[in-house]
Structures are given as structure tokens and as C-alpha cells.
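Asker: Listed below are the residues making up each chain.
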Amino acid sequence: MANVISDETIEYVGILAKLELSEAEKERAKKDMGEMLDYIDKLNELDTSEVEPMSHVFPVNNVFREDEVTNGDGREKTLANAPARKEDTFEVPKTIV
Amino acid sequence: MKQYETVIGLEVHVELATKTKIFCGCSTAFGGAENSHTCPVCTGMPGSLPVLNKKVVEYAVAVGLATNCTITQNCKFDRKNYFYPDNPQNYQISQLYLPICRNGGIEIETEEGGKKTVGIHEIHMEEDAGKLVHDEYGENSLVDFNRSGVPLIEIVSEPDMRSAEEVIAYLEKLRLIIQYLGASDCKLQEGSMRADVNLSIREVGTEEFGTRTEMKNLNSFKAIARAIEGERERQIDLLEAGEKVVQETRRWDDAKEYSYAMRSKEDAQDYRYFPEPDLVPVIISDEWLKEIKERQPELRTEKLERYKREFQIPDYDAGIITSNKHLADIFEETTAICNNPKKVSNWLMVETMRLLKEHEMEVEEIKFSPENLAKLIKLTDENQINSSVAKEVFEKIFDEDIDPEQYVEENGLRTVSDDGALRSTIEKVIAENPKSVEDYKSGKKKAIGFLVGQTMKAMQGKADPGMVNKILTELLQ
Numbered sequence: 001m002a003n004v005i006s007d008e009t010i011e012y013v014g015i016l017a018k019l020e021l022s023e024a025e026k027e028r029a030k031k032d033m034g035e036m037l038d039y040i041d042k043l044n045e046l047d048t049s050e051v052e053p054m055s056h057v058f059p060v061n062n063v064f065r066e067d068e069v070t071n072g073d074g075r076e077k078t079l080a081n082a083p084a085r086k087e088d089t090f091e092v093p094k095t096i097v
Numbered sequence: 001m002k003q004y005e006t007v008i009g010l011e012v013h014v015e016l017a018t019k020t021k022i023f024c025g026c027s028t029a030f031g032g033a034e035n036s037h038t039c040p041v042c043t044g045m046p047g048s049l050p051v052l053n054k055k056v057v058e059y060a061v062a063v064g065l066a067t068n069c070t071i072t073q074n075c076k077f078d079r080k081n082y083f084y085p086d087n088p089q090n091y092q093i094s095q096l097y098l099p100i101c102r103n104g105g106i107e108i109e110t111e112e113g114g115k116k117t118v119g120i121h122e123i124h125m126e127e128d129a130g131k132l133v134h135d136e137y138g139e140n141s142l143v144d145f146n147r148s149g150v151p152l153i154e155i156v157s158e159p160d161m162r163s164a165e166e167v168i169a170y171l172e173k174l175r176l177i178i179q180y181l182g183a184s185d186c187k188l189q190e191g192s193m194r195a196d197v198n199l200s201i202r203e204v205g206t207e208e209f210g211t212r213t214e215m216k217n218l219n220s221f222k223a224i225a226r227a228i229e230g231e232r233e234r235q236i237d238l239l240e241a242g243e244k245v246v247q248e249t250r251r252w253d254d255a256k257e258y259s260y261a262m263r264s265k266e267d268a269q270d271y272r273y274f275p276e277p278d279l280v281p282v283i284i285s286d287e288w289l290k291e292i293k294e295r296q297p298e299l300r301t302e303k304l305e306r307y308k309r310e311f312q313i314p315d316y317d318a319g320i321i322t323s324n325k326h327l328a329d330i331f332e333e334t335t336a337i338c339n340n341p342k343k344v345s346n347w348l349m350v351e352t353m354r355l356l357k358e359h360e361m362e363v364e365e366i367k368f369s370p371e372n373l374a375k376l377i378k379l380t381d382e383n384q385i386n387s388s389v390a391k392e393v394f395e396k397i398f399d400e401d402i403d404p405e406q407y408v409e410e411n412g413l414r415t416v417s418d419d420g421a422l423r424s425t426i427e428k429v430i431a432e433n434p435k436s437v438e439d440y441k442s443g444k445k446k447a448i449g450f451l452v453g454q455t456m457k458a459m460q461g462k463a464d465p466g467m468v469n470k471i472l473t474e475l476l477q
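Protein sequences, first through last, are from chains R and U. Here the first sequence stands for residues 1 to 97, where the numbers follow the working numbering. Here the second sequence stands for residues 1 to 477, where the numbers follow the working numbering.
The following block holds chain R by itself, in its conformation from the complex (with noise of 0.2 angstroms):
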């Protein structure tokens, strides 16, 4: 494997996927993750400096709405779906903004 994780990378990825990993988790993870780097190198020994990175798999663009209101009060629909409801809000756990 060329590509080696890092200690550091791996806590930081968890950190920004909001992970916590056991110490076995995080080997495996690192090791995942260096086989992907390495496929990625392998992609990019493909010279593709004349090809147009592809934004979608169909040739399809301009699908639009127009700006009308189709939809009514949503809101106990949406609040089926709440793991924690407080009157029409989701009761979330404490977050700091």
C-alpha cells in the first residue's frame, strides 16, 4: 500500500464525520483508506487534461419549477419523522451556535 494514513488524518476525519472509533476501527479505517487512495492514484495515471469533467451521467440540463406554492402545511408529516418532538419543533440535543 503507497498511500500510509495517518494517526492524525484518521482522528480528523472522525472528527469531521462526527465518528468515534475504537482503536481496531481506526486501523481498519486507515487501511480502507489507503487502499482507496491507491486506487485513486491508479485512476489518475489517465491523462485526462482534455477531457471535461462530467457533471451529470444524462445529457440532460435546464429542469425546472416555476416559482408557484404547491405545497400546503407539511407539518406533521414532517413531524412523524422526529425522533424527539417538542409541540411543532425536533428536540434535538443541546447544540451551541
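If you're looking for bench data, these hints aren't it; they were derived computationally from the structure. Everything numeric in this text was worked out from a predicted model, so none of it was measured. It cannot be assumed that every hint is accurate.
[Unchecked claim] Distance condition first, Cα-Cα at most 27 angstroms in a straight line; then the derived DSSO-like pairs of lysine-lysine:
#1 U:LYS342 to U:LYS396
#2 U:LYS342 to U:LYS293
#3 U:LYS80 to R:LYS31
#4 U:LYS391 to U:LYS457
#5 U:LYS378 to U:LYS343
#6 U:LYS396 to U:LYS343
#7 U:LYS80 to R:LYS26
#8 U:LYS116 to U:LYS54
#9 U:LYS457 to U:LYS446
#10 U:LYS116 to U:LYS303
#11 R:LYS42 to R:LYS30
#12 R:LYS86 to U:LYS131
#13 R:LYS31 to R:LYS42
#14 R:LYS18 to R:LYS31
#15 U:LYS391 to U:LYS357
#16 U:LYS216 to R:LYS18
#17 U:LYS80 to R:LYS30
#18 U:LYS187 to U:LYS131
#19 R:LYS94 to U:LYS131
#20 U:LYS462 to U:LYS396
#21 R:LYS94 to U:LYS256
#22 U:LYS19 to U:LYS116
#23 R:LYS77 to U:LYS131
#24 U:LYS216 to U:LYS244
#25 U:LYS446 to U:LYS462
#26 U:LYS19 to U:LYS54
#27 R:LYS94 to U:LYS80
#28 U:LYS173 to U:LYS367
#29 U:LYS444 to U:LYS457
#30 U:LYS343 to U:LYS303
#31 R:LYS18 to U:LYS80
#32 U:LYS173 to U:LYS187
#33 R:LYS86 to R:LYS18
#34 U:LYS216 to U:LYS256
#35 U:LYS216 to R:LYS94
#36 R:LYS18 to U:LYS131
#37 U:LYS342 to U:LYS462
#38 U:LYS470 to U:LYS428
#39 R:LYS77 to U:LYS19
Assemble the complex: chain R is given as a structure, and chain U must be docked to it using the hints.
Answerer: Below, chain U alone, put in the same frame as chain R:
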């Protein structure tokens, strides 16, 4: 102490004035019951598909054109990944690689009276997040997703500003342009315009930029000016003490006049941006661009010139009236009805401004209708009421938008121009004030003023002062 220069760039978020959200048909109306304006798309339910609101593209292009940007005719959306409870998808749909507008700029006037261009790096379209409030009575936070998916444009300036005054001048100019376009109401207090300030300092004469911080939570021009002063001082103190400025996001506390570190700034790569797979590219054809260009309303500078030309109102007056879109609209609508631009301008410039100041109100809060102001002007033009009664009636129009014709009728304020009635009152006034009559006859012409006053008083202010003067002069001969 060394001399420092402040270098400021702004990120301005503006909520667009669309009826619906950027990717779904939910209403953007302000003040709905919590979570009533939500659907699977704007709450990030799996399997839901966003569809772009065409009006968002048109507003963004309109702002870009008015700020001299190049329009990216082949643009697309990207996904910005981050985790926060106000963001139910765990990503925000935004634009990183191909923002809709690039390389623009607007001209501002500097304190010294000169002109300066503030560059606009880019304008991109994105969606707003939900609103997070802290439960006063509990341990938890509460989320309302009504604002989630409301369309925003983010206008990113170049680091071209050097003082709080320049920042305010830039924001005022930008706000005026956007309001004129009708793309947003741009209310700082209500959050439909939000400015984040990126600030660094460097020694005067150096080329290299210092480390910058980003300040959030600035909801008035005054708060922005104070935050800039506060942050400049904080950074100078750090450097003078031999410490370093840390690149971070800070939250300005306007009451304490100090900013607090929120979080260390995540780098762009930490957001793991990638092309948004749920949306197709937006191609803005030459024809579409031309259509939007042709629809651009008249902006401030053009309007100002037209007012001077078409209505022959002075530069100064035209400047004040066009300094606010709402005021300019009232002016034009009233003038269209009564066809007396000079009088309309006078009511707006003098009495309206006086009452706004007295009530500590903003121009946007003016609620009287052009119809009623036009009726008032007609009443004065036809000498149906005199100028002091007109002022009194205008205050009523300003406060309650009353119908002046009806009000004048109901309160018997019509000017008495009946010669007989006036004449008998004046005769009585002359008889009751022999001293003033004596003074007038002995050459003190000013004494007539007192007699006019007495007559107006006797007529409860409803006489035509011109006629009173005329009859008095005649009778005193």
C-alpha cells in the same frame, strides 16, 4: 506602535424574494407556524428529489448583471457536506466550482469624496438552513425547518475594503441595487440580508495579507461598524503582544462589544464538495440572458437622471428620493395620479422626513397610500384647504392613511373663501384691535400680521390666508 492597515472582504447572504423555496414548492412566507412550510425535499428525506426554482436563477443573474459580473452560462450545483442539526440533509446544496456570476464589482464613494471599486469575486446560489432555538425550559435545542431551503445568493467580495465606512458604503450600495431589482427586501434586522466580515490587518506598506478571521452575527450597520473596530483592535493587540492571529470564525456580541471564537474554520476540503448528483446543469442561453437583461428595471442612477429630466426636480431632491426604492415608488405612484411632481417631492422631502425622524421610523415603514397623498395635493391645489390645515391632515395620512377628502369633510376643515363670511369676521377683528390698526396706519406695516393671525384664529384656521390679507388691506385703507 506600528501603523496597521485593515483589510476587509465581505460575504453577504441575501434571501431572494421568491414565493417558494429553491428546490421545492413550499412557501417562503415569513412567520408561519413552526415546520408548517416543510416537505420531504427541504427536510432531506431519503429518496426526495430537488427541482430548481427558475426564478432563483433569474434573480441571481439579475443581481450579477447589475453588479457588472460575468454570467457563467454553463453552471451547476455542488454538495457541501457538514453536520449540524439545522441542516437535515447533512449537506447544503451550493455552488463551488461554477458559481453563476463571477468577476464583477461596484463603485462606492469613499470618505474623502473619491470613488473606488469594490470587486465581487463571485455570486453563488444556495439554500438556507433551518432555525435552531434553545429551549429556555429544557436541556435541548429545538429546530424549525421553515427556513430550510429558502433560496439565498451569497455575494463574495474581494478583500478591497479598508475601513468600516467603506464596508457600510458597499453594503448600502449593494442593498439599493438588490432592492431596486426586487430580488430581495434586504432587511438586516430580519435576516434577509446577512453580512459576514472577513478581516485581517497588516503593517502599512506590506503586500502580504495577515491571517484573517470571519465574524458572524452582525445584524445592523452599526453593529458591523463596531465589530470591525473591535476586531481590528483585538488583532493589533495580539500582534503587538507578539502573539499570532488564529484563523477562525468568531461571533460578535454587540452588547459586550467583543467577538468570541466559535470554531476553528474548516478548510474547503473538509466540506468534501462534489458535484450535486440530484440536479442537472443550468445552461443560460444567450437568448435567456438577453431576456433577463431586457427585463432589468431602471436602477438608481438612471432613475435619478430621469427624475431631473422628466420632472424637473433638483439634483438634491432626486438624490434623496431615489436613495430608497420604497420612497421612489411612492413618489412615482403619487405623481402618476396628481401630475404634480414638485409638490409630491416637497411632501416627501419635508413633512415625511420630519415625521419619520420624529417617530424614529425607517423609510420602509411608511404605510400611507399614494392615492391619499395625491388627494391631499389636489385639495391644496384647488385651495380647498390651506397649508396649515394640509399639514395637520398629512399627519393623519402618515399615521393612519386616512382619506383626506373624507377627513376634511367630516371635520369641517374646508377653507372659508366666502367673501361675505370673511369680511364680517375681519370687520370684527379690526373693531376689537384698535391698537394694531393704529400701528398699521402710522406706518408699521408688520402689524397686519397680527390681524391676519387673529382672523385665522377666529376662523379656526380655515380661512384662505391670501384672501384674508387682501380683504384686510382693502378694509384698512
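Asker: All hints are to be evaluated individually against the structure, with a verdict given for each.
Answerer: Outcome of the hint check:
The straight-line distance between the Cα atoms of LYS342 (chain U) and LYS396 (chain U) is roughly 21 angstroms, inside the 27 angstroms bound, and the hint therefore holds. The hinted pair formed by LYS342 (chain U) and LYS293 (chain U) fails the criterion: a straight-line CA distance of about 32 angstroms is larger than 27 angstroms. Between LYS80 (chain U) and LYS31 (chain R) the alpha-carbon distance is near 26 angstroms, which keeps this suggested pair within the 27 angstroms criterion. For the hint pairing LYS391 (chain U) with LYS457 (chain U), the CA-to-CA distance comes to about 17 angstroms; that is within 27 angstroms, so the pair holds.
Straight-line distance between C-alpha atoms of LYS378 (chain U) and LYS343 (chain U) comes to about 10 angstroms, which keeps the hinted pair within the 27 angstroms bound. For the given pair, LYS396 (chain U) sits about 18 angstroms from LYS343 (chain U) by alpha-carbon distance, which is consistent with the 27 angstroms threshold. Between LYS80 (chain U) and LYS26 (chain R) the CA atoms are separated by roughly 25 angstroms; this keeps the pair inside 27 angstroms, and the hint holds. Pair hint LYS116 (chain U) plus LYS54 (chain U) does not hold up; C-alpha atoms about 34 angstroms apart against a cutoff of 27 angstroms.
Annotation: proposed proximity of LYS457 (chain U) to LYS446 (chain U) holds, straight-line Cα distance about 18 angstroms (limit 27 angstroms). Taken as a hint, the LYS116 (chain U) and LYS303 (chain U) pair is honoured in the structure, with Cα atoms around 22 angstroms apart against an allowance of 27 angstroms. A distance of roughly 18 angstroms separates the Cα atoms of LYS42 (chain R) and LYS30 (chain R); the hinted pair therefore holds under the 27 angstroms criterion. Among the hinted pairs, LYS86 (chain R) with LYS131 (chain U) is consistent with the structure: their alpha-carbon atoms are about 15 angstroms apart, no more than 27 angstroms.
With a CA separation close to 17 angstroms, the supplied pair LYS31 (chain R) and LYS42 (chain R) stays within the 27 angstroms bound. A C-alpha spacing of about 20 angstroms is found between LYS18 (chain R) and LYS31 (chain R), which places the hinted pair at or below 27 angstroms, so the restraint holds. Note on LYS391 (chain U) and LYS357 (chain U): the hinted pairing holds, with a Cα-Cα distance of about 16 angstroms set against a maximum of 27 angstroms. Of the supplied pair hints, the one linking LYS216 (chain U) and LYS18 (chain R) holds, its CA atoms being roughly 24 angstroms apart against a limit of 27 angstroms.
Under the criterion of a C-alpha separation no larger than 27 angstroms, the hint pairing LYS80 (chain U) with LYS30 (chain R) is consistent with the structure, at around 24 angstroms. Annotation: proposed proximity of LYS187 (chain U) to LYS131 (chain U) holds, straight-line Cα distance about 17 angstroms (limit 27 angstroms). Between LYS94 (chain R) and LYS131 (chain U), the direct Cα distance comes to roughly 14 angstroms. Compliance with the 27 angstroms bound is thereby established for this hinted pair. For the suggested pair LYS462 (chain U) and LYS396 (chain U), the alpha carbons sit about 17 angstroms apart, so the restraint of at most 27 angstroms is met.
Taken as a hint, the LYS94 (chain R) and LYS256 (chain U) pair is honoured in the structure, with Cα atoms around 24 angstroms apart against an allowance of 27 angstroms. Distance restraint check for LYS19 (chain U) and LYS116 (chain U): the Cα-Cα separation of roughly 36 angstroms exceeds the 27 angstroms cut-off, and the hinted pair is therefore not satisfied. Between LYS77 (chain R) and LYS131 (chain U) the alpha-carbon distance is near 19 angstroms, which keeps this suggested pair within the 27 angstroms criterion. Between LYS216 (chain U) and LYS244 (chain U), the direct Cα distance comes to roughly 21 angstroms. Compliance with the 27 angstroms bound is thereby established for this hinted pair.
Distance check on the hinted pair: LYS446 (chain U) and LYS462 (chain U) sit about 22 angstroms apart at the alpha-carbon level, within 27 angstroms; holds. For the given pair, LYS19 (chain U) sits about 12 angstroms from LYS54 (chain U) by alpha-carbon distance, which is consistent with the 27 angstroms threshold. With a C-alpha separation of about 24 angstroms, the suggested pairing of LYS94 (chain R) with LYS80 (chain U) holds against the 27 angstroms cut-off. Proximity of LYS173 (chain U) to LYS367 (chain U) is assessed by CA-CA distance (about 24 angstroms); at most 27 angstroms being required, the pair is judged to hold.
Distance check on the hinted pair: LYS444 (chain U) and LYS457 (chain U) sit about 22 angstroms apart at the alpha-carbon level, within 27 angstroms; holds. For the given pair, LYS343 (chain U) sits about 18 angstroms from LYS303 (chain U) by alpha-carbon distance, which is consistent with the 27 angstroms threshold. About 16 angstroms separates the Cα atoms of LYS18 (chain R) and LYS80 (chain U), which keeps this hinted pair within 27 angstroms; it holds. With a CA separation close to 14 angstroms, the supplied pair LYS173 (chain U) and LYS187 (chain U) stays within the 27 angstroms bound.
Annotation: proposed proximity of LYS86 (chain R) to LYS18 (chain R) holds, straight-line Cα distance about 25 angstroms (limit 27 angstroms). Only pairs whose Cα atoms come within 27 angstroms are accepted, and LYS216 (chain U) paired with LYS256 (chain U) is accepted, the gap being roughly 15 angstroms. For the given pair, LYS216 (chain U) sits about 20 angstroms from LYS94 (chain R) by alpha-carbon distance, which is consistent with the 27 angstroms threshold. Simply put, LYS18 (chain R) and LYS131 (chain U) have alpha-carbon atoms about 21 angstroms apart, close enough for the 27 angstroms limit, and the pair holds.
A threshold of 27 angstroms between alpha carbons decides the hint, and for LYS342 (chain U) with LYS462 (chain U) the separation of about 24 angstroms falls inside it, so the pair holds. At roughly 16 angstroms between alpha-carbon atoms, LYS470 (chain U) and LYS428 (chain U) fall within 27 angstroms of each other, so this suggested pair holds. This hinted pair checks out: LYS77 (chain R) and LYS19 (chain U) have alpha carbons roughly 22 angstroms apart, not beyond 27 angstroms.
Of the numbered hints listed earlier, those contradicted by the structure are 2, 8, 22.
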